[in-house]
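**Q** Heads up: the sequence shown begins at 1 in our numbering, then just goes up one per residue.
Please note: incorrect hints may appear among the correct ones.
[Unchecked claim] With a Cα cut of at most 30 Å, we get these calculated BS3-like pairs of lysine-lysine:
1) 32 x 59
2) 32 x 52
3) 52 x 119
4) 52 x 18
5) 18 x 144
6) 32 x 18
7) 59 x 43
8) 32 x 43
9) 52 x 144
10) 18 x 43
11) 59 x 119
Think of the hints as simulated: they come from the structure by calculation, not from any bench. Note that the coordinates shown come from a computational prediction; the quantities given were computed from them, not determined experimentally.
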Amino acid sequence: MGNTMAKQQPEQGLGLQKFRLLRVIGRGSFGKVRIVEHRSTNKTYALKYINKATCITMKAHANTLRERDMLEEIDHTFIVNLRFSFQDDFAMFMVMDLMIGGDLRFHIMRRRFFEGVIKFWIAEVACALRHLHAVHRIVHRDVKPDNILMDHNGHVALTDFNIATRI
Numbered sequence: 001m002g003n004t005m006a007k008q009q010p011e012q013g014l015g016l017q018k019f020r021l022l023r024v025i026g027r028g029s030f031g032k033v034r035i036v037e038h039r040s041t042n043k044t045y046a047l048k049y050i051n052k053a054t055c056i057t058m059k060a061h062a063n064t065l066r067e068r069d070m071l072e073e074i075d076h077t078f079i080v081n082l083r084f085s086f087q088d089d090f091a092m093f094m095v096m097d098l099m100i101g102g103d104l105r106f107h108i109m110r111r112r113f114f115e116g117v118i119k120f121w122i123a124e125v126a127c128a129l130r131h132l133h134a135v136h137r138i139v140h141r142d143v144k145p146d147n148i149l150m151d152h153n154g155h156v157a158l159t160d161f162n163i164a165t166r167i
């Protein structure tokens, strides 16, 4: 996994030094996710750290690379898009759209929503799935509230392509 940048012009020397590291917003099997700010553009993103040793030990490196490769092709409003990827000796890094609103499970466990709001979210996820199937021939295979993130405006986007596959 070399230094790549999804859907934008490549940036020379892309690495952690290009970002201000802000707070940790999540932890997963292979590492953590934190908010970062690109030093030259001041745009904020979510930075997913993937520990290489843990990934290899858990035999998940093929899935991780496949996820990265798929995300490099995709750019859609209702999908958490990969913006940059790079690595060092110990970790792989994926810089993705920041969805500051948390996952859908968090929200549905805490309050009830009007039917219209639920229909709206379902329509957004359906648009994402249709795009994946029709344009990229990708099946997500893990659509669940934990893998649907919300932005600051209440829109949702599909994330976690770790077990996605091509059809």
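**Q** Indicate, hint by hint, whether the structure satisfies it.
**A** Taking the hints in turn, this is what the structure says about them:
1. At most 30 Å may separate the alpha-carbon atoms for a hinted pair to count; residue 32 and residue 59 meet this at roughly 18 Å.
2. In summary, the hint linking residue 32 to residue 52 is supported, as the alpha carbons are separated by about 13 Å, within the 30 Å threshold.
3. Proposed proximity of residue 52 and residue 119 is contradicted: the alpha carbons are some 39 Å apart, above 30 Å.
4. Distance restraint check for residue 52 and residue 18: the Cα-Cα separation of roughly 21 Å lies within the 30 Å cut-off, and the hinted pair is therefore satisfied.
5. Between residue 18 and residue 144 the CA atoms are separated by roughly 33 Å; this puts the pair beyond 30 Å, and the hint is violated.
6. Taking the CA atoms of residue 32 and residue 18, the gap is about 18 Å. The hint holds against a cut of 30 Å.
7. Pair hint residue 59 plus residue 43 does not hold up; C-alpha atoms about 34 Å apart against a cutoff of 30 Å.
8. The straight-line distance between the Cα atoms of residue 32 and residue 43 is roughly 20 Å, inside the 30 Å bound, and the hint therefore holds.
9. Restraint check for residue 52 and residue 144: satisfied, since their Cα atoms lie roughly 26 Å apart, inside the 30 Å limit.
10. Distance restraint check for residue 18 and residue 43: the Cα-Cα separation of roughly 11 Å lies within the 30 Å cut-off, and the hinted pair is therefore satisfied.
11. Distance hint between residue 59 and residue 119 is unfulfilled; the C-alpha atoms sit about 38 Å from each other, more than 30 Å.
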